[in-house]
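My request is simple: use the sequences and hints to build the entire structure.
This is what each chain is made of:
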Amino acid sequence: MIELPFLLITGLMLCAFFTVGYASQRLRFPSVLAYILIGAAVSFWFAKNPLLHLASEVGIVLMFFVLGLEFPLARMVAISKKIWPSGLLDVLFNFCGTFAIAWSFGCDPMTAFMVGSVAYATSSSMSAKMLDEQKRLAHPETEFILALLIFEDLVAPILVSVMAGADVGEGFTPITLLVLLLKLVGLTAGAMAFGLYGFRRAASFVERHIDDDFMPLFSVGIALGYAGLAVFLGLSEILGAFLAGMMLSETGRSRELEHLSLPVRDLCLPFFFFGFGMSIRFEEGISDLGLMLMLILWAVMGKLVSVYVGGILFGLRPKHACRAACSMVHRGEFSAVIASLAPPSWRVFGGIYILATAGIGILLFGKAPSIANWFDGQRKRLNTPKRSERSSKSMIRGGNVSKE
Amino acid sequence: MKVKTADLPGIGKRYSLDLAEGDHLVIILHQNGYREIYHFTDPDADEPDWTVKMTDEEARQIGAILMGADYQPVSDDRMEMLLKSIRIEWLQVKPDSELANRRIIDSQIRTRTGATIIAIQRGDQMIGSPDAQETILPGDVLMVVGSRMQTKGLDQMCHSCILHMPERGSPPSPSSVGSS
Numbered sequence: 001m002i003e004l005p006f007l008l009i010t011g012l013m014l015c016a017f018f019t020v021g022y023a024s025q026r027l028r029f030p031s032v033l034a035y036i037l038i039g040a041a042v043s044f045w046f047a048k049n050p051l052l053h054l055a056s057e058v059g060i061v062l063m064f065f066v067l068g069l070e071f072p073l074a075r076m077v078a079i080s081k082k083i084w085p086s087g088l089l090d091v092l093f094n095f096c097g098t099f100a101i102a103w104s105f106g107c108d109p110m111t112a113f114m115v116g117s118v119a120y121a122t123s124s125s126m127s128a129k130m131l132d133e134q135k136r137l138a139h140p141e142t143e144f145i146l147a148l149l150i151f152e153d154l155v156a157p158i159l160v161s162v163m164a165g166a167d168v169g170e171g172f173t174p175i176t177l178l179v180l181l182l183k184l185v186g187l188t189a190g191a192m193a194f195g196l197y198g199f200r201r202a203a204s205f206v207e208r209h210i211d212d213d214f215m216p217l218f219s220v221g222i223a224l225g226y227a228g229l230a231v232f233l234g235l236s237e238i239l240g241a242f243l244a245g246m247m248l249s250e251t252g253r254s255r256e257l258e259h260l261s262l263p264v265r266d267l268c269l270p271f272f273f274f275g276f277g278m279s280i281r282f283e284e285g286i287s288d289l290g291l292m293l294m295l296i297l298w299a300v301m302g303k304l305v306s307v308y309v310g311g312i313l314f315g316l317r318p319k320h321a322c323r324a325a326c327s328m329v330h331r332g333e334f335s336a337v338i339a340s341l342a343p344p345s346w347r348v349f350g351g352i353y354i355l356a357t358a359g360i361g362i363l364l365f366g367k368a369p370s371i372a373n374w375f376d377g378q379r380k381r382l383n384t385p386k387r388s389e390r391s392s393k394s395m396i397r398g399g400n401v402s403k404e
Numbered sequence: 001m002k003v004k005t006a007d008l009p010g011i012g013k014r015y016s017l018d019l020a021e022g023d024h025l026v027i028i029l030h031q032n033g034y035r036e037i038y039h040f041t042d043p044d045a046d047e048p049d050w051t052v053k054m055t056d057e058e059a060r061q062i063g064a065i066l067m068g069a070d071y072q073p074v075s076d077d078r079m080e081m082l083l084k085s086i087r088i089e090w091l092q093v094k095p096d097s098e099l100a101n102r103r104i105i106d107s108q109i110r111t112r113t114g115a116t117i118i119a120i121q122r123g124d125q126m127i128g129s130p131d132a133q134e135t136i137l138p139g140d141v142l143m144v145v146g147s148r149m150q151t152k153g154l155d156q157m158c159h160s161c162i163l164h165m166p167e168r169g170s171p172p173s174p175s176s177v178g179s180s
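Chains as they are written, first to last, in my numbering: chain F, 1 to 404; chain S, 1 to 180.
Calculated from the structure, these hints are not laboratory results. For glycine and all other residues, C-beta sits at the position ideal for the given N, C-alpha and C. Among these hints, one or two may not hold up.
[Unchecked claim] A few chain S residues that don't get close to chain F, going by computed Cβ distances all over 12 angstroms:
1) VAL26
2) THR55
3) ILE62
4) THR116
5) LYS152
[To be verified] Calculated pairs, DSS-like style, for lysine-lysine (alpha carbon to alpha carbon, straight line, at most 30 angstroms):
6) F:LYS129 x S:LYS13
7) F:LYS82 x S:LYS4
8) S:LYS4 x F:LYS367
9) F:LYS81 x S:LYS4
Following this line, the structure appears as structure tokens:
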């Protein structure tokens, strides 16, 4: 094979990503899936190169950094307060539920943990884009969907950290778990201390220099640095990056800092999804088709039920909760991030799982309004006899019949 | 008219309002500056009847036109009444003020005085509708709205004097600043 110059390869890849990104926007197809598919398609004749590894690592770190930037501590607490019952329900169904299924199919606990983490989170980027494109931002359940996605954004880095931590040692013993927990707490406390006592004071510095050419170095440097520190401690870079974003958000200039890091992220992130796609070797096949089908079925059912009940807990009307439930089935970037940490034999599994749930999820998302209407109609039809009974009783008692 | 607001984390902010004629409007401010207006005849409908999208700049211009910056249909005596109940003041923050070097949210300005800061003039820089996380620095000139009592309360917190009340909303000249 002819050795092509490094620049030529990079340039060609970036141009290819541009084409794919543009085309997927026109076709209203999630670009994340497009990159994964292309990666999987060309994996036969494309050698791994160091650029791919480097760029995808930076892309992931910045993706979580930008997420973290949106959540100063006060805001995070405010959102969590409203959403935690629904959020925990989501964890219970989609992480614990999947964990139990995988375990009962004979996976060891570590693998089951990985499968549960892959299955857990809905894709935030796809949800936000589709809500916007389909003009559903005005709906009352939008707030709930976005808040739940944020809860997932908070849980996902922790899951990844536990996986990364356990990966280094041999499984879990009480002591390794304790050490891991201490490191987690230490890293988080460090970020809070830096944020509240360091960066909040540095607000005026950031403000004065925000337009200067050295500021991208500042934000990307801190993102990569703190992520690297997390890796050094044996935790996950994802958690480090998220915490780095959180602490910089205390400067109160998140928006501007985000704009500085976005171009780098957008350059690097396609490499990650492409690389993930490449690591899926379809010829290896899936070891356990029954488990796969069971998990995909649960991916749909678990989300539908947990989001519906969560929506009701949040105070949504049944129709709106149903619409929310149908809008959160697709998995995407988080699952890819977690599956990329899995052993190779499980990557095919992860890839197929993501493509399948994303496909079903997108279909359900499009149909959500009509499904919700149908559901509401059925519900009302079932409830009418009971309600008329009840209201006639209350009329006899002389109570006021409230009109719904 | 009641305006309901909601945070859309990761997307921006949403304002929903019902108009006197029965229309339901939803305005969405995207984080990237775009504004969208959704119009509903039936607030429960699955899809809006129509939507408009505008850039930050367009939205500001349209907003100014709607506010009547150019043409003011409200009669003069009605305007005067508005001015009596609501006033816009320019207040300078003195170094010994309790507001100096603290964030707006920490000083709890709106809770304590009822007045709202709508802009901050800092040197040549003008910060429009500042975030609650914004830190107020000594020497800043705050543009505030509120009733007479409310702005007076904030004035005491600033340790300054009310500079002047401009008819056309122009900031005070530096020479007039601080002359008690």
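Discussion item. Which constraints among the numbered hints does this structure fail? Numbers only, ascending.
Written reply: 1
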